[in-house]
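Colleague: Produce the complete structure using the sequences and hints provided.
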Amino acid sequence: MMQFLPPWMRSGRVITGLVIVAIIAICALFAPQIAPQDPNEQDLVATLLPPVWVSGGDAAHILGTDSLGRDILSRLIYGARVAMLVAFFASLGAMLLGSVLAYIAGYFGGRIDSIISRAVDVWMSFPPVVLSLILMVGLGVGLRNVILAIIVVDWTRFCRVLRSEVMVVARRDYVAAARLVGFSHWRTITREIVPATLPLLITLVSLEMGIAVIVEAILSFVGMSVSAQTPAWGQMIADTRQFIYDNPWNLLFPILAVFFAVFGFNMLGDGLRRTLDVRVTATQRV
Amino acid sequence: MLATIVPLIGRRLAISIFILLIVSMLLFLVLHVLPVDPAAMSMPPTATLAEIEAKRVEMGLDKPLPQQYLIWLSQVVHGDFGTSIHFRRGVLGLVRDTLPATIELAVLAMIIASVLGIIGGLVLFHVRGTHKEPVMDFGSILLLSIPEFLWSLFFILIFGVALQALPFTGRLDPDMRMPTGTGFLLFDALASGRLDIFWSALEHMILPCFALGIAFSPTIMRVLRSSLIDVYQEDYIHLARLRGLSERRILVRHALKNAILPTLSLMGVQFGFLFGGTLLVEVIFSYPGLGNLMVDAVRNADLPIIQAVGLAYCLVVLIINTVVDSLYLVLNPKLRLR
Chain X
1 MMQFLPPWMR
11 SGRVITGLVI
21 VAIIAICALF
31 APQIAPQDPN
41 EQDLVATLLP
51 PVWVSGGDAA
61 HILGTDSLGR
71 DILSRLIYGA
81 RVAMLVAFFA
91 SLGAMLLGSV
101 LAYIAGYFGG
111 RIDSIISRAV
121 DVWMSFPPVV
131 LSLILMVGLG
141 VGLRNVILAI
151 IVVDWTRFCR
161 VLRSEVMVVA
171 RRDYVAAARL
181 VGFSHWRTIT
191 REIVPATLPL
201 LITLVSLEMG
211 IAVIVEAILS
221 FVGMSVSAQT
231 PAWGQMIADT
241 RQFIYDNPWN
251 LLFPILAVFF
261 AVFGFNMLGD
271 GLRRTLDVRV
281 TATQRV
Chain S
1 MLATIVPLIG
11 RRLAISIFIL
21 LIVSMLLFLV
31 LHVLPVDPAA
41 MSMPPTATLA
51 EIEAKRVEMG
61 LDKPLPQQYL
71 IWLSQVVHGD
81 FGTSIHFRRG
91 VLGLVRDTLP
101 ATIELAVLAM
111 IIASVLGIIG
121 GLVLFHVRGT
131 HKEPVMDFGS
141 ILLLSIPEFL
151 WSLFFILIFG
161 VALQALPFTG
171 RLDPDMRMPT
181 GTGFLLFDAL
191 ASGRLDIFWS
201 ALEHMILPCF
211 ALGIAFSPTI
221 MRVLRSSLID
231 VYQEDYIHLA
241 RLRGLSERRI
251 LVRHALKNAI
261 LPTLSLMGVQ
271 FGFLFGGTLL
281 VEVIFSYPGL
291 GNLMVDAVRN
301 ADLPIIQAVG
311 LAYCLVVLII
321 NTVVDSLYLV
331 LNPKLRLR
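Protein chains in written order, with this note's numbering: chain X, 1 to 286; chain S, 1 to 338.
Keep in mind that the hints were calculated from the coordinates and are not lab data. You may find that some hints are simply not true.
To be verified - Here chain S is said to cover these stretches of chain X; the calculated rule only asks that three of the stretch's residues, wherever they fall, bring their Cβ under 8 Å from a Cβ of chain S:
no.: 1; segment: 123-130
no.: 2; segment: 178-186
no.: 3; segment: 215-229
no.: 4; segment: 234-247
no.: 5; segment: 253-265
None of the values given here were measured: they were computed from a predicted structure. Every residue, glycine too, gets a C-beta built ideally from N, C-alpha and C.
Modeller: The structure is reproduced here in structure tokens:
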């Protein structure tokens, strides 16, 4: 069955990851069509309802309601929007910033390399959560700033790993040959080095998407992400946690949503690491 | 050996101090593009504009930014981190009260992460090439996908709410008083001979420490496994086999000794992440450490605290990294060449 698929997809992990990510992406794109109710509509008569299979549940709210009587399932579906937007743009931005610096540092070496490496050292001495919180204080809350904060914090993840890979590739014979033939630095990097490091880059982006989902959840948990009107998983965790004794079920759903998303991205990343890497043998790929 | 190591460690130390200086500059810069006015915030709401302006001058906020930074830096070097706008207390005292709690939490969690990571790495290595490998591999991705704050919430749901087996708020039972001393509660309790306090403190630390420990163990597992696989390609392992040594002896005496080095350097990096991870775990468990102080400060835009706590986090991470790097130099003779 796998033969009909392109080589990079011939792995149970890649397919599992893609399916999970696709489900969440569809929830995000078509939230108004899928969600049974308005995520912000309050029903103060029916607050903190348990899910429908627990006694006291209401069929109108399949997964129950939060402290303001808002439908949890609808909020989860709308919450996928913030999670996916952040995952997509933050990881893309961090990838661009980190990889450009990594190519420059790894290819040219010398002084510019040591400056970039020192910058990475400075960043690494900040615990990521602490740095992103401080940045959110400086930037102010909002979706755009969350994405910006994650880019500013996480570019080092790309830079660190990619730089050493670029250093290895840049010393290969075909790169020297390209230079001898008269390729410019720009052309050597874009035509010879980038393609060789692309598998690693794609894997890192996939893993970073999972990290971005976690960071956004953390920031919205402490109320430093999107505004209170926009449904976000971290916010839902913070809200339902206060009523953990009245209604432990409702805390479980946003937790599972975050886990599900991160697991999907990690499966995808781990699978791609195997299927895209030319050095891994066919048996190790499955 | 010492003659070659000391200059290298000295160099490492100098770099760390340099990094700390840059970090302090960045912190200052980020927090001073803020749209809030610390002078207005530190005054009662009835203050007139002229009074606020006078306060601005008093706080040095009318001076150019580089000069403000130098004033702040010289105060910090003298141990003056300013006064919290919200708590109206010296910031240094606040940090000193909360830092030991966080360090205690992080160290215990790191021990758990290391033990779980090393055991897990050995298990993963042991099942390589067997039919159990895909299952274990899948398990390690699953573990990798659950960050510390999700573990914290899971544990609260299972052990706190459902089983009611362990406490999940604060550092001590509400009817107990903190013993005075270093602030390291486990140590203070033992030093004052209060075993009941020691147990209560330990009980309160079990859930947060395991949440952190489990979250940070999978990376250690995976690195140990792959470095063991690398080491087993080396000639000296084949030689040891030819000499007829048992597999256990080869693993413990030859392979593990070499494979633990990359794992150790990873643990240094991991400890940095783990130390940052305590922030949210503390908030979830209402554990009175740096993390709770930081989040309170962030919510109140309390700049002096944010600056000092940010610096405290970086300082601890830098100290840990310096110690681990130095240890690495002592343990790995290959790095001492040059």
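Colleague: The structure should be examined with respect to each hint, and the outcome stated for every one.
Modeller: Each hint tested on the structure:
Counting residues of the segment 123-130 of chain X whose CB falls under 8 Å from any CB of chain S gives 7; the rule of at least 3 is met. Beta-carbon proximity to chain S at under 8 Å applies to 0 residues in the segment 178-186 of chain X; the threshold of 3 is not reached and the given coverage is violated. For the segment 215-229 of chain X, the proposed coverage by chain S is satisfied: 6 residues have a C-beta within less than 8 Å of a C-beta in that chain, meeting the threshold of three. Coverage of the segment 234-247 of chain X by chain S holds [criterion: at least 3 residues with CB-CB distance below 8 Å; count 4].
With 5 residues carrying a beta carbon less than 8 Å from a beta carbon of chain S, the segment 253-265 of chain X meets the three-residue requirement, and the given coverage holds.
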